[in-house]
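Under my numbering, the first residue of the sequence shown carries the number -17, and numbering increases by one thereafter.
None of these hints come from the bench; they were simulated from the model.
Keep in mind that the hints are not guaranteed to be accurate.
What the hints assert, rightly or not - Cross-link-like lysine to any residue pairs, in silico, SDA-like; alpha carbons within 20 angstroms at most:
{"#": "1", "residue 1": "LYS106", "residue 2": "LYS41"}
{"#": "2", "residue 1": "LYS115", "residue 2": "HIS97"}
{"#": "3", "residue 1": "LYS60", "residue 2": "LYS78"}
{"#": "4", "residue 1": "LYS115", "residue 2": "GLY7"}
{"#": "5", "residue 1": "LYS101", "residue 2": "GLY130"}
{"#": "6", "residue 1": "LYS41", "residue 2": "GLN72"}
{"#": "7", "residue 1": "LYS60", "residue 2": "ARG19"}
{"#": "8", "residue 1": "LYS106", "residue 2": "PRO93"}
{"#": "9", "residue 1": "LYS78", "residue 2": "VAL43"}
{"#": "10", "residue 1": "LYS57", "residue 2": "VAL84"}
{"#": "11", "residue 1": "LYS57", "residue 2": "ILE47"}
{"#": "12", "residue 1": "LYS41", "residue 2": "VAL21"}
{"#": "13", "residue 1": "LYS101", "residue 2": "LEU88"}
{"#": "14", "residue 1": "LYS106", "residue 2": "GLY9"}
{"#": "15", "residue 1": "LYS57", "residue 2": "GLN23"}
{"#": "16", "residue 1": "LYS41", "residue 2": "GLN23"}
{"#": "17", "residue 1": "LYS26", "residue 2": "GLY9"}
{"#": "18", "residue 1": "LYS78", "residue 2": "GLN37"}
{"#": "19", "residue 1": "LYS106", "residue 2": "ARG12"}
{"#": "20", "residue 1": "LYS41", "residue 2": "GLU73"}
{"#": "21", "residue 1": "LYS60", "residue 2": "ALA38"}
{"#": "22", "residue 1": "LYS101", "residue 2": "LYS41"}
{"#": "23", "residue 1": "LYS60", "residue 2": "GLN23"}
{"#": "24", "residue 1": "LYS115", "residue 2": "CYS0"}
{"#": "25", "residue 1": "LYS106", "residue 2": "GLU30"}
{"#": "26", "residue 1": "LYS60", "residue 2": "GLN72"}
Said to hold, decoys possible - Label pairs and their in silico Cβ distance ranges:
{"#": "27", "residue 1": "SER56", "residue 2": "ARG10", "range": "34 to 44 angstroms"}
{"#": "28", "residue 1": "LYS115", "residue 2": "VAL43", "range": "22 to 32 angstroms"}
{"#": "29", "residue 1": "GLN75", "residue 2": "LYS106", "range": "41 to 51 angstroms"}
{"#": "30", "residue 1": "ALA108", "residue 2": "VAL84", "range": "23 to 33 angstroms"}
{"#": "31", "residue 1": "PRO89", "residue 2": "GLU30", "range": "24 to 34 angstroms"}
{"#": "32", "residue 1": "GLU30", "residue 2": "GLN133", "range": "32 to 42 angstroms"}
{"#": "33", "residue 1": "GLN123", "residue 2": "GLN75", "range": "39 to 49 angstroms"}
{"#": "34", "residue 1": "TYR128", "residue 2": "LEU71", "range": "33 to 43 angstroms"}
From the three backbone atoms N, C-alpha and C, an ideal C-beta is built for every residue, glycine too.
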Amino acid sequence: MQEHSKDKADPDPQALACYGMLSAGSGRMRLRFVSGRPVSQVTKDFLEWLCEQVQAQGKQVLLLIWDNASWHVSKQVKTWLREHNHTVLQEAQMGKQGVRIVPCWLPTKSPWLNHIEPKWVHGKRAIVEPARKLSASELRQRVCDYFGCEQTELITQLVP
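Model the full structure from these sequences, guided by the hints.
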């Protein structure tokens, strides 16, 4: 493989960010690509989307196994998680259903503990094309095809 230089006229981003969830029971992946960088606000948007997906399956708890990426462990995300779970518990007392999130933070530099990591590695190897640089839309489509998920709307990074 060779590194391809970026053409200054190319409107595509130099890199793509993608959040993913691996369902332990089915082995199914759920993916959301990001327009922009994976910052705290984008992480919260992804978690809200995940809760909708999990609730649609009739589940009430999401076990979240995460590494220590700054956008995972930020004060903003941890506060959101705490407030989200508090709201879900309050609504449960009124008979409403929601999805509680149980975060499990992995020790630093221990990707082998997260079952999604080998899937990312194999996916990257399967979709890459050594002879040319893929466009962002082509890359997103190949990733979704490889993992058998539908391509959803990008999560947009809001710029303050």
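Here is how each hint holds up against the structure:
At most 20 angstroms may separate the alpha-carbon atoms for a hinted pair to count; LYS106 and LYS41 exceed this at roughly 30 angstroms. Restraint check for LYS115 and HIS97: the C-alpha separation of about 28 angstroms exceeds 20 angstroms, so the hint is violated. Pair hint LYS60 plus LYS78 does not hold up; C-alpha atoms about 23 angstroms apart against a cutoff of 20 angstroms. For the suggested pair LYS115 and GLY7, the alpha carbons sit about 35 angstroms apart, so the restraint of at most 20 angstroms is broken.
At most 20 angstroms may separate the alpha-carbon atoms for a hinted pair to count; LYS101 and GLY130 meet this at roughly 12 angstroms. Between the alpha carbons of LYS41 and GLN72 the distance comes to roughly 17 angstroms, so the proposed pair stays at or under 20 angstroms and holds. A C-alpha spacing of about 18 angstroms is found between LYS60 and ARG19, which places the hinted pair at or below 20 angstroms, so the restraint holds. Restraint check for LYS106 and PRO93: satisfied, since their Cα atoms lie roughly 16 angstroms apart, inside the 20 angstroms limit.
For the proposed pair LYS78 and VAL43, the alpha carbon gap of about 14 angstroms is at most 20 angstroms, so the pair holds. Distance hint between LYS57 and VAL84 is fulfilled; the C-alpha atoms sit about 16 angstroms from each other, no more than 20 angstroms. As the CA atoms of LYS57 and ILE47 are separated by approximately 17 angstroms, the hinted pair is consistent with the 20 angstroms bound. Of the pairs offered as hints, the one joining LYS41 and VAL21 is violated, with about 27 angstroms between alpha carbons and a cut-off of 20 angstroms exceeded.
Proposed proximity of LYS101 and LEU88 is supported: the alpha carbons are some 17 angstroms apart, at most 20 angstroms. Between the alpha carbons of LYS106 and GLY9 the distance comes to roughly 17 angstroms, so the proposed pair stays at or under 20 angstroms and holds. Pair hint LYS57 plus GLN23 holds up; C-alpha atoms about 11 angstroms apart against a cutoff of 20 angstroms. Taken as a hint, the LYS41 and GLN23 pair is broken in the structure, with Cα atoms around 24 angstroms apart against an allowance of 20 angstroms.
Simply put, LYS26 and GLY9 have alpha-carbon atoms about 23 angstroms apart, too far for the 20 angstroms limit, and the pair is violated. For the hint linking LYS78 to GLN37, the alpha-carbon distance of about 12 angstroms falls within 20 angstroms, and the restraint holds. A hinted pair counts as satisfied when its Cα atoms are at most 20 angstroms apart, and LYS106 with ARG12 qualifies at roughly 16 angstroms. As the CA atoms of LYS41 and GLU73 are separated by approximately 15 angstroms, the hinted pair is consistent with the 20 angstroms bound.
For a cut-off of 20 angstroms, the pair hint linking LYS60 to ALA38 is broken: about 24 angstroms separates their Cα positions. Taking the CA atoms of LYS101 and LYS41, the gap is near 24 angstroms; set against the 20 angstroms cutoff, the hint is violated. Proximity of LYS60 to GLN23 is assessed by CA-CA distance (about 12 angstroms); at most 20 angstroms being required, the pair is judged to hold. Simply put, LYS115 and CYS0 have alpha-carbon atoms about 18 angstroms apart, close enough for the 20 angstroms limit, and the pair holds.
Annotation: proposed proximity of LYS106 to GLU30 is violated, straight-line Cα distance about 26 angstroms (limit 20 angstroms). A C-alpha spacing of about 18 angstroms is found between LYS60 and GLN72, which places the hinted pair at or below 20 angstroms, so the restraint holds. Take SER56 and ARG10: their Cβ atoms lie about 28 angstroms apart, and the range 34 to 44 angstroms is violated. Taking the beta carbon of each, LYS115 and VAL43 are about 41 angstroms apart, not inside 22 to 32 angstroms as hinted.
As the Cβ distance of GLN75 to LYS106 is approximately 45 angstroms, the hint placing it in 41 to 51 angstroms holds. At about 31 angstroms, the beta-carbon gap between ALA108 and VAL84 stays in the expected band of 23 to 33 angstroms. Here the CB-CB span from PRO89 to GLU30 is close to 27 angstroms, well matched to the stated 24 to 34 angstroms. Take GLU30 and GLN133: their Cβ atoms lie about 19 angstroms apart, and the range 32 to 42 angstroms is violated.
Roughly 44 angstroms separates the CB atoms of GLN123 and GLN75, a value that falls within the hinted 39 to 49 angstroms. In this structure the hint that TYR128 and LEU71 lie 33 to 43 angstroms apart at CB holds, the actual value being about 38 angstroms.
In this structure, the hints that do not hold are numbers 1, 2, 3, 4, 12, 16, 17, 21, 22, 25, 27, 28 and 32, in rising order.
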